[in-house]
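Okay, here's what each chain looks like letter by letter:
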Amino acid sequence: MPERTFSGGTAPRSRKIALTPTATVYLALVVLLVVGSVLVALKGGVLLDQGGILTILTRATALGLIAVGQTLVIVTGSLDLSVAYLVGLCSLVAAETMAGSGAMVVPGVLLAVALAAVVGLVNGLVITVLKANAFIATLGVALVLRGYLEHNYTGPAGSVPRSFQHLGYDRIGPVPVAALLVLLVAAGAWWYLRRTRGGYHMYAVGGDVEVARLSGVRTGRTIVTAHVLCSVAAGLAGVFLAARLGSGAPYVGTDAGYDLESIAAVVLGGTALAGGRGGVVGTVGGVLLLATLDTVFDDLAVDPFFKDVVRGVVLVVAVALYARRRSSRRSA
Amino acid sequence: MTWRPRLADGTAPVLVVLGALLVALAFTGPAYAEPAGYLALLKRAAPLVVLAIGQYFVVVSGGFDLSVGSLVTAEVVIAARLIDGDDANTAWVIALVLGFGVLVGLVNGLVTTKLLVPSFIVTLGMLLVLDGAVFLWTGGSPRGALSPSFRAFGRGGFDVPVLGQVPWSVVILLVVSVAAVLLMRSGTGRMLSAVGDNERAVRLAGGRVDRLRVLAFVLSGLLAALAAILLAGFAGVSAQVGTGLEFRAITAVVLGGVLLGGGRGSVVAAAAGALSLEALFSLLNLLGVAGALESAVQGLIIIAAVAYAARGTGSWRRLRPRRPGPVTS
Chain A
1 MPERTFSGGT APRSRKIALT PTATVYLALV VLLVVGSVLV ALKGGVLLDQ GGILTILTRA
61 TALGLIAVGQ TLVIVTGSLD LSVAYLVGLC SLVAAETMAG SGAMVVPGVL LAVALAAVVG
121 LVNGLVITVL KANAFIATLG VALVLRGYLE HNYTGPAGSV PRSFQHLGYD RIGPVPVAAL
181 LVLLVAAGAW WYLRRTRGGY HMYAVGGDVE VARLSGVRTG RTIVTAHVLC SVAAGLAGVF
241 LAARLGSGAP YVGTDAGYDL ESIAAVVLGG TALAGGRGGV VGTVGGVLLL ATLDTVFDDL
301 AVDPFFKDVV RGVVLVVAVA LYARRRSSRR SA
Chain B
1001 MTWRPRLADG TAPVLVVLGA LLVALAFTGP AYAEPAGYLA LLKRAAPLVV LAIGQYFVVV
1061 SGGFDLSVGS LVTAEVVIAA RLIDGDDANT AWVIALVLGF GVLVGLVNGL VTTKLLVPSF
1121 IVTLGMLLVL DGAVFLWTGG SPRGALSPSF RAFGRGGFDV PVLGQVPWSV VILLVVSVAA
1181 VLLMRSGTGR MLSAVGDNER AVRLAGGRVD RLRVLAFVLS GLLAALAAIL LAGFAGVSAQ
1241 VGTGLEFRAI TAVVLGGVLL GGGRGSVVAA AAGALSLEAL FSLLNLLGVA GALESAVQGL
1301 IIIAAVAYAA RGTGSWRRLR PRRPGPVTS
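Chains as they are written, first to last, in this note's numbering: chain A, 1 to 332; chain B, 1001 to 1329.
Isolated chain A, as found in the complex (with noise of 0.2 Å):
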């Protein structure tokens, strides 16, 4: 393996920095944080003034927790595709039970979280007990959910109120009270997937699903574990969107395109496809790349439709880095 001469003709460059993918996208988000103030700057504005830092972390917001979510099922070796109407569901459910009143905040959370669990049990269910691939299972309920929105909502509805909107719009400094839950969700789920006995379940069964269950691991009941958590998340999500725009919203969700957008980010992040491999960090550090590429193009000014290709394109060039370094270490 050329991988192996140290001396001779090929250097052995990137033998002493082992750049893990998790590094690898933080540096990117240096990278791009350096670029695009400088970019910013020669347009005249700042990128990371109080507002800059708003914008990037309240953009990150409802995509970080849907991605963290989604990060748990992808590291199990499944996925989910019905997050982005599942937002929207609980938004929904969320602002119409509070319906406006100060008191019924506690249930309309509670409610939403609920039902994003049992969407989520659902979701492990079919995949576990029906045996129903996780793409095809998690896409059928996706679009049950689709009918059951299109059929009883034409356009917002239901209303927060006032003291529950604080969610949505206070800060401390420059940092929203809502970008910190979500670091706290993501602590939480960095230490359930690093430091409990589930989530090195879950590892186990990304990694090889018929050796987890011969190691004696009950692997059916970590994949529904992982999609409940997952759904949780994805209503968390939901719920802070409500808080943000004052009512529920069915087409929140897809509209942003919150299924494959956070599929993108937690394998920006480095975690793989095909399950067993990755962390929460990294999901972070995808969604705060994409969070500043959006915002770094704002400020340019550069037309909506631009930011898709070169989504795109950063997302493949991402995933192809990491493949390369991944073969390339194995045959090393």
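Just so you know, these hints were derived from the structure itself, not from any lab.
If you're wondering where the values come from, they're calculated on a predicted model, not measured in any experiment.
Think of the CB as a built atom: it goes at the ideal place given N, C-alpha and C, for glycine as much as any other residue.
Take the hints with a grain of salt, since some may be wrong.
[Unchecked claim] Away from chain A, derived, C-beta distances all over 10 Å, residues of chain B:
no.: 1; residue: D1084
no.: 2; residue: V1170
no.: 3; residue: R1185
no.: 4; residue: V1297
[Said to hold, decoys possible] Reference listing, derived: stretches of chain A covered by chain B, where coverage requires no fewer than 3 residues with Cβ under 8 Å from a Cβ of chain B:
no.: 5; segment: 125 to 139
no.: 6; segment: 256 to 264
no.: 7; segment: 295 to 308
no.: 8; segment: 316 to 324
Chain A is already provided as a structure; the job is to place chain B on it using the hints.
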């Protein structure tokens, strides 16, 4: 040796479902009492069936192609802009549209095989790029118009004594289906299916895995371009014409009993799956199910279909396409 129809595993159930749907249609809709009604159904279904056949090649070789929906949109918008209502432009624009489909498929395939990026991500990236590029180019609303001769493929037809008017799209559909079946029965087709089943085995046996994979994506891109031509003729120009078609095509393929992850299922079943989906929509329409609930019913049915197909096969062990070695798709 007696000849009997060689049905691959899992082909029979979808044919039964399709038969049941067609019978149900005959009872509910007076239009389906004669061949014309079924020809109209075939005409409506032609783009989706063509897409599903393309998607089948990718799925059976162990990948996904999420870019076909946005590719269809891109092709329609490009064709409208370039033809600009002038019949003289039809021929070269058709060639260009098909060529662009091949090119997109080639890029998908090369990035998947050479850069070792999972096809889910590659085609997701391609989806974003195509969507963005189309809107960037058109500014959000497509300009130009299609020529009558271009639209003839999707909406026109020719007269046949007994059947009445036979749409061109049905003829194209038949040609594509026969070609696809012949391909899957050839050595190349069998190898393609083998790649989805066990890539490493094919590699060790000397099969050109990468080349087969690229071929699958190229075919998918080409057929998506063809579907775009049919759809543009049938439905006209809009920036939403291809939205969601990728998931619908994958649904159709899976409904046909083709296993995501590759290696199982026949192309006939995939086409029948697409036809069943379209027949189902027609039936729901006739039964007066509100359009909004249509997707809910679709969702329940695909879950049921996949759950049925997975009975006893234990295939949920493969939540994901198998990963023999560094290449994941």
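Hint check results:
1. D1084: holds (22 Å)
2. V1170: holds (28 Å)
3. R1185: holds (26 Å)
4. V1297: violated (7 Å)
5. 125 to 139: holds (count 12)
6. 256 to 264: Check passed, 3 qualifying residues.
7. 295 to 308: Held - the segment 295 to 308 of chain A has 5 residues with a Cβ nearer than 8 Å to chain B, which meets the minimum of three.
8. 316 to 324: holds (count 5)
The structure does not agree with numbered hint 4 stated previously, though it agrees with all others.
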